[in-house]
Amino acid sequence: MMASRPILHLRYILPRINLKYSTAIQPSEVIEGKQETADLKHPDYFNVRNLFTVNDLFEARVHYGHKIGSLDERMSQYIYGNRLGHLIFDLDITAEYLRQALNITAHTAYRDGVILFFLRGAQNAHIVEKAALECGEFAHTRFWRGGIFTNANKQFGEATRLPDLCIFFNTLNNVLIQHTAIRDAAKMAIATIGVVDTNCNPNLITYPVPGNDDSPVAIQFYCKVFKSAILLGKEKRKEHHNRNKQ
Amino acid sequence: MMTKKSWNVIELLSKYKFWRNSVCTFSSSGEDSNITKQAVNVAQLETKEVGKAMKAYLERAREHDEFMKQQNYEFQVGKRHLANMMGEDPETFTQQDIDNAIEYLFPSGLYEKKARPHMRPPEEVFPQRKAAEFDETGRPHHFLFYTGNPNFYKLLYDIVEQINHLNKYEDSMLRKSNKPDPNLALHATGFQWLDQHTLEKKLVEEISEKNYNSFINAMERLQSLPYSYKAKEFISAYQKPLMSRTDLSDIPKLQYDKEGRAFITVYECRRKDAKGYVTIKSPGKGKVTINNNDIRYFHDVQSREQVVAYLDGDLNVFATGAGRARRVGH
Chain A
1 MMASRPILHL RYILPRINLK YSTAIQPSEV IEGKQETADL KHPDYFNVRN LFTVNDLFEA
61 RVHYGHKIGS LDERMSQYIY GNRLGHLIFD LDITAEYLRQ ALNITAHTAY RDGVILFFLR
121 GAQNAHIVEK AALECGEFAH TRFWRGGIFT NANKQFGEAT RLPDLCIFFN TLNNVLIQHT
181 AIRDAAKMAI ATIGVVDTNC NPNLITYPVP GNDDSPVAIQ FYCKVFKSAI LLGKEKRKEH
241 HNRNKQ
Chain B
1 MMTKKSWNVI ELLSKYKFWR NSVCTFSSSG EDSNITKQAV NVAQLETKEV GKAMKAYLER
61 AREHDEFMKQ QNYEFQVGKR HLANMMGEDP ETFTQQDIDN AIEYLFPSGL YEKKARPHMR
121 PPEEVFPQRK AAEFDETGRP HHFLFYTGNP NFYKLLYDIV EQINHLNKYE DSMLRKSNKP
181 DPNLALHATG FQWLDQHTLE KKLVEEISEK NYNSFINAME RLQSLPYSYK AKEFISAYQK
241 PLMSRTDLSD IPKLQYDKEG RAFITVYECR RKDAKGYVTI KSPGKGKVTI NNNDIRYFHD
301 VQSREQVVAY LDGDLNVFAT GAGRARRVGH
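Protein sequences appear in the order of chains A and B. Under full-length UniProt numbering, the final residue of the first sequence carries the number 246; numbering is consecutive throughout. Under full-length UniProt numbering, the final residue of the second sequence carries the number 330; numbering is consecutive throughout.
Calculated from the structure, these hints are not laboratory results. Some hints here could point you the wrong way.
Listed below are the simulated BS3-like cross-link pairs for lysine-lysine, each with C-alpha atoms no more than 30 Å apart in a straight line [what the hints assert, rightly or not]:
(1) A:130 / B:154
(2) B:201 / A:130
(3) A:130 / B:230
Given the sequences, and given the hints that come with them, work out the whole structure.
This is how it looks when you write it as structure tokens:
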């Protein structure tokens, strides 16, 4: 049973974060050969840090977890504590993980990666599909036929390019079973970002984002920020292309 | 811990050929779907190499085109041959003529029409192939491509969009305390939803029975909304009118003869393959005329009883067709 504060305390994390960002590195246009490209070593090239604040997370109810009894032990490091039997996420930790995830999303979009949005559940599926449509990416919110990644040539009847990044807005099919696509993406070495609630297993996910994965408000919030990150990446790509052409 | 891991992945990725190659020029190659137009699309790239997926597709498309060309040629030759056999001009030999010729030359008693011999243009005989679903970089055109049923799920997406739109509209009307116009309300009678087979053809996709049921449920939900008439165009695209639709409200009006007696004549009365036209006059003396005979035209008592059952006036009938009992039904 989860009772005390998590092992990974904020006071150990914050100095590291401050150190990383206090050097005030300005986004620089690195010249690779003759062509301009986004700097992969820059901590925040697309300025995704400013897409949201911790208060935005709070207002989107990202901090709500499930009841204590359903806790997956692997999630305990992201939890602040519990209130009235419900677990509460530490939003400072969540914010850092989300920013990392947004950064990788923007970089993938910049390099014309195929990004696939996932979510199971009828209530929020439309929000996710709409977000994917609006940023020119892809969505899969329906029943997962086995083998879409692992047996793609048979499934689509021809050689098919698989996504380069999968974003899971929830990682569970129902309260117990994890989405098969997480396992399949890991098998095919496809990077994954996953919003993991307190009852989820974050182990197979490349970039876990601890947070509430049930409320429509929260899903709307995630969709908004990921959409913005993708659009930032694409915009930058266009800009660089125009400049490189000249 | 986490940070270290993620940067390592980025560095690894940057070593991939794909990630390096992708920083290059754009082209404004024709983009047909309006789906991708809505978004900031930067996918069309002039990559030096065409993706593997596209290469494989182009090869298959070329093979298919060659096959269809051959089939088309054979069809044209066959058509001319048939026209010569039938002694007609091959230049003006239409598909209808071909069908007639085939029916004449190869008479078939098979019940199923599809099983009978036929000769049709190859475009109709061989199934239509989907066009390439991705661009040169292998990036799919449709945002639901990875679901495997993109057109069907896009339809469900559109239905939800319509429902959300109508709900919003209803809210705005409630705020103004307006009510939906009852005259414009959509009626479910007289129409039926496209059946599974037709929908499959329309979407060029196979649809499971479960998915078809969810389509019906979603459409019925949309139609049941108070302002569903706002989405009439969308809804009617997935409906078809029932052919034997009868308008019960349209009752023919009475006419009056010289003596002021009301009468009504109903033409084209059908009962199985018996036909007739019936005139009833009221008030009358109960005089019955059937094909210029009286009620004894019918031999059985049952038929006679049926004729006079609700009669209140004179009756005049001209009936033809098989079976006397059937004629009673008029």
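A quick look at each hint next to the structure:
no. : hint          : result
1   : A:130 / B:154 : holds, 11 Å
2   : B:201 / A:130 : holds, 26 Å
3   : A:130 / B:230 : holds, 22 Å
In this structure, none of the earlier numbered hints is contradicted; all agree with it.
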